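As a plain string of letters, each chain reads:
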Amino acid sequence: MNEKQKEMTLIIFSNDMDKAIAAFILATGAASSGMKVNMFFTFWGLSLLRKKNYSRKGKTLIERVFGSMLPEGPDGTRLSKMNFFGAGTKMMKSIMRKKKIFQLNELMDMAVSLETKIVACTTSMEMMGIKKEELIDNIEVGGVVTYLGSARESAINLFI
Amino acid sequence: MNEKQKEMTLIIFSNDMDKAIAAFILATGAASSGMKVNMFFTFWGLSLLRKKNYSRKGKTLIERVFGSMLPEGPDGTRLSKMNFFGAGTKMMKSIMRKKKIFQLNELMDMAVSLETKIVACTTSMEMMGIKKEELIDNIEVGGVVTYLGSARESAINLFI
Amino acid sequence: MNEKQKEMTLIIFSNDMDKAIAAFILATGAASSGMKVNMFFTFWGLSLLRKKNYSRKGKTLIERVFGSMLPEGPDGTRLSKMNFFGAGTKMMKSIMRKKKIFQLNELMDMAVSLETKIVACTTSMEMMGIKKEELIDNIEVGGVVTYLGSARESAINLFI
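Chains as they are written, first to last, in my numbering: chain A, 224 to 383; chain B, 224 to 383; chain C, 224 to 383.
Don't read these hints as lab results, they were simulated from the structure. Accuracy of the hints is not assured; some may be wrong.
Heads up, the list lumps identical chains together, so a pair's fine if it works in one copy or across two of them.
[Claimed, not checked] Within a straight-line C-alpha distance of at most 25 Å, the following computed SDA-like cross-link-like pairs (lysine to any residue) qualify:
{"id": "1", "residue 1": "229", "residue 2": "275"}
{"id": "2", "residue 1": "304", "residue 2": "316"}
{"id": "3", "residue 1": "229", "residue 2": "357"}
{"id": "4", "residue 1": "280", "residue 2": "376"}
{"id": "5", "residue 1": "275", "residue 2": "311"}
{"id": "6", "residue 1": "313", "residue 2": "294"}
{"id": "7", "residue 1": "259", "residue 2": "337"}
{"id": "8", "residue 1": "354", "residue 2": "252"}
{"id": "9", "residue 1": "313", "residue 2": "329"}
This structure is a prediction, so every number in the text was calculated from the model and none was measured.
Here chain A stands alone, though its shape is the one from the complex (with noise of 0.2 Å):
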């Protein structure tokens, strides 16, 4: 590998929970390669990072409705297809539980030891009126100059 091919940097817009299992298998895959791994989170993608259960307090109504139906963290998310009202999302953790595929969870935890770079956007932060103490540790806040930054300097690009 030279210096280039070295750096992955993927955008997680969505927080379907299949999609954010591909990107995680993703980044703890090249992470463990050797690859420098960094991630923003954006929009829906935000949710993801939230910690469970974070105090509504000082939060307009706005806000608490959207905060209120927003996943809080990995285990509020859904298959973005076949939910079936939460059945298929069941099924499928069921089926990776016996399987002993990593379930989302387990990946982000991966993701956090293997140094994956963790950025949480901050005009996303401020679209839902959500503060960086209810994001989960040791995260960065970015705009787009930061991910510019790191993508030019990627081999790989995604937007999941």
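Using the hints provided, position chains B and C relative to the given structure of chain A.
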């Protein structure tokens, strides 16, 4: 930045308001920081470039049906999630106005004034029976070969 | 084109007809112009590679349920929007026939004859209980390491 790092090429496949906003934030951010930006609008994404209330004369019935159901430019777009028959989209627009975040139509105007190259996909135009006159001014039309020419020169390629 | 510019690698995550058509137009266009093309089919996208009416013997109940609900190859796919219980998809297919635009199954055949490398994702196969015999011939199977190897060498990487 070396030569190769100076270019970004986006395929805009979706006409969801949220994805279009993400695309134009990336495009205007990159163009502002001196990058050459190319955006290829294909399939549903093509409808982001439609003029409002363009005459349907000379169209087949099927083309009219498709035409009447697709958004005419940025104003007709909706959120990909939590739309709730329009209420979620309205709420998001009002939040963006209050927080002084640019709306989609403003981002599109900025992209044009920053000399982003906007290309409408010819195959999609044919498929949906959309003529060049129905699309906004100052854009180009092109096919997959045009796309590949730009993408091969770009440091950042995304499918949105 | 220098060496690096000669390769394109696509992740096909979706099984929506419209996205699959876009992917194969890109793939056949790139292969026709002399590029090496790699396509990785993962998650829902895997069902694009399924043979029709493959026996369900030896499958668990859950695998059969999933199997019966996923498309078997290109013919079972639907539009991601405006499907209207199948009517929109039919309409789009008939438009494409009339305007002599290639259908998805034709594009797939073209991609194969242009020597596109088609890879089925092993993790997805395990998750969905799909065996190699159930998939079309002349494809490879591989995981994230195989993907990263191709993607790092590619000028164009997309997640579709």
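Evaluation of the provided hints:
| no. | hint | in the structure |
| --- | --- | --- |
| 1 | 229 - 275 | neither (34 Å within a copy, 41 Å between copies) |
| 2 | 304 - 316 | both (14 Å within a copy, 22 Å between copies) |
| 3 | 229 - 357 | neither (32 Å within a copy, 36 Å between copies) |
| 4 | 280 - 376 | neither (40 Å within a copy, 49 Å between copies) |
| 5 | 275 - 311 | both (23 Å within a copy, 23 Å between copies) |
| 6 | 313 - 294 | both (15 Å within a copy, 21 Å between copies) |
| 7 | 259 - 337 | within (9 Å within a copy, 32 Å between copies) |
| 8 | 354 - 252 | between (30 Å within a copy, 23 Å between copies) |
| 9 | 313 - 329 | within (16 Å within a copy, 36 Å between copies) |
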